[in-house]
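Protein sequences, first through last, are from chains U and L. Mapping of the first sequence onto our numbering: position 107 corresponds to residue 107, and the numbering continues sequentially without gaps. Our numbering runs 1000 ahead of the 1-based position in the second sequence.
Quick caveat, the hints were computed from the structure, so don't treat them as lab data. Warning: the hint list may mix true and false statements.
[Said to hold, decoys possible] If the Cβ cut is set under 7 Å, some of the chain L residues that face chain U in the computed set are:
1. Tyr1011
2. Glu1017
3. Leu1070
[As the list claims (entries may be wrong)] Using 27 Å as the maximum straight-line C-alpha spacing, the simulated DSS-like pairs for lysine-lysine come out as follows:
4. Lys59(U) x Lys1077(L)
5. Lys139(U) x Lys171(U)
6. Lys173(U) x Lys34(U)
7. Lys34(U) x Lys1052(L)
8. Lys107(U) x Lys184(U)
9. Lys110(U) x Lys1052(L)
10. Lys184(U) x Lys1052(L)
11. Lys1052(L) x Lys173(U)
12. Lys110(U) x Lys184(U)
13. Lys21(U) x Lys34(U)
14. Lys1052(L) x Lys107(U)
15. Lys171(U) x Lys1052(L)
16. Lys1077(L) x Lys21(U)
17. Lys1052(L) x Lys139(U)
18. Lys59(U) x Lys7(U)
All figures in this text were calculated on a predicted structure; none of them were measured in a lab. Think of the CB as a built atom: it goes at the ideal place given N, C-alpha and C, for glycine as much as any other residue.
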Amino acid sequence: MNESENKDDIGLIVRVLSGDKEAFAQIVRRYHNKVYQLCAGMLGPSHEAEDATQDIFVKTYQRLPTFRQESSFSTWLYRLSSNHCLDLLRFRRRHKTQSWEGLLAEKGEKIEQLLTSRSDEMAVLEARGLAFSLLSQIKPDYQLLLSLREIDGLSYQEIAQVLNISLDSVKAKLRRARQEMDEKFRHFLKTQNV
Amino acid sequence: MNYDEIQDKIYAFFDGELEAEERPEIESHIQTCQACASLLERWRQISTTVFKPLSPPDTEFFITRVMARLQEEDTLKLRRTWSWQVPFLALGVASLLFVLTNLIENGIPSTQNLLLNDKAASQNGFDTSNNELDELLTLNGEDL
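Just chain U, with the same shape it has in the complex:
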């Protein structure tokens, strides 16, 4: 999220607002991978993640006139994407979530394979699906935070801006999210003496 990238973004936005749709295609080209990675981290490697990415860009286009440049465009886009994915995730969790115990009983062996880096034995898609099932075991807010940090590679400062929370809060929440995952997966990882 450097300054020159933001300047380029603003230039594109001005063109979009004056009716140049090709400028919007350039914005999509620039950000679709980042938005998709966040959606896939939150919603899993499915068509739902692709559809959500599309919806987010349609929403972005419709809401561009309300972008006030109080933050960089990428921060604003990440915020919009985060809120969209959180809404979908919360809706989905109200309807179906497999319990940790259920997941362990059904796929315990596969989880061990995945976490001990023996996932090469598994089909890539199966490994991604399972990784997502593990990530789904923590709260949606933590899932978002970890996706922003671990998948999209945002800095603490950038996460604070996207989620509109303090830097200390980012650190504390990241720690709690990681502790929660560590507690759940620890016994699989112990088998490797780590």
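Given the coordinates of chain U, assemble chain L onto it according to the supplied hints.
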């Protein structure tokens, strides 16, 4: 430093978010503390296995789909705007046509004819044979 602070620093160390002057202290702590070394190693393992980025959809195909969606949304928006305006416009046009057709068939009625055709007004004293009518309809020699 308490245990929570150390854990914060260890995760910050993993994320490359420690201040340069803090790094040596945490590095040496990890070398001497088995619990913290294990914590770091477990997280490294989780991070590389659970958080692998996926291949995104084909860029140009994705852009084509988004632009098509925008086109659809524009059309829908236009349709939505017209959907509530059309009945009102149709009603307006129909009323205008009705009035125009009447005018063409009957010509523009004069005030006098309108008053003379008004039965209620006639019953209240208007009478074509009555000269008072001329006085009523004339003011200083001009038609009302």
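Results of checking the hints against the structure:
A least Cβ separation of about 6 Å between tyrosine 1011(L) and chain U falls short of the 7 Å threshold, and the interface hint therefore holds. Among the interface hints, the one on glutamate 1017(L) holds; its C-beta lies about 5 Å from the nearest C-beta in chain U, closer than the 7 Å criterion. Against a cut-off of 7 Å between C-beta atoms, the interface hint on leucine 1070(L) holds, since the closest Cβ of chain U lies about 6 Å away. Distance check on the hinted pair: lysine 59(U) and lysine 1077(L) sit about 14 Å apart at the alpha-carbon level, within 27 Å; holds.
Note on lysine 139(U) and lysine 171(U): the hinted pairing holds, with a Cα-Cα distance of about 16 Å set against a maximum of 27 Å. Proposed proximity of lysine 173(U) and lysine 34(U) is supported: the alpha carbons are some 22 Å apart, at most 27 Å. With a C-alpha separation of about 13 Å, the suggested pairing of lysine 34(U) with lysine 1052(L) holds against the 27 Å cut-off. For the hint linking lysine 107(U) to lysine 184(U), the alpha-carbon distance of about 14 Å falls within 27 Å, and the restraint holds.
A C-alpha spacing of about 17 Å is found between lysine 110(U) and lysine 1052(L), which places the hinted pair at or below 27 Å, so the restraint holds. Taken as a hint, the lysine 184(U) and lysine 1052(L) pair is honoured in the structure, with Cα atoms around 19 Å apart against an allowance of 27 Å. Distance hint between lysine 1052(L) and lysine 173(U) is fulfilled; the C-alpha atoms sit about 21 Å from each other, no more than 27 Å. Restraint check for lysine 110(U) and lysine 184(U): satisfied, since their Cα atoms lie roughly 15 Å apart, inside the 27 Å limit.
For the given pair, lysine 21(U) sits about 21 Å from lysine 34(U) by alpha-carbon distance, which is consistent with the 27 Å threshold. Restraint check for lysine 1052(L) and lysine 107(U): the C-alpha separation of about 20 Å stays at or below 27 Å, so the hint holds. At roughly 22 Å between alpha-carbon atoms, lysine 171(U) and lysine 1052(L) fall within 27 Å of each other, so this suggested pair holds. As the CA atoms of lysine 1077(L) and lysine 21(U) are separated by approximately 17 Å, the hinted pair is consistent with the 27 Å bound.
Proximity of lysine 1052(L) to lysine 139(U) is assessed by CA-CA distance (about 19 Å); at most 27 Å being required, the pair is judged to hold. Distance check on the hinted pair: lysine 59(U) and lysine 7(U) sit about 22 Å apart at the alpha-carbon level, within 27 Å; holds.
Violated hints: none; the structure is consistent with every hint.
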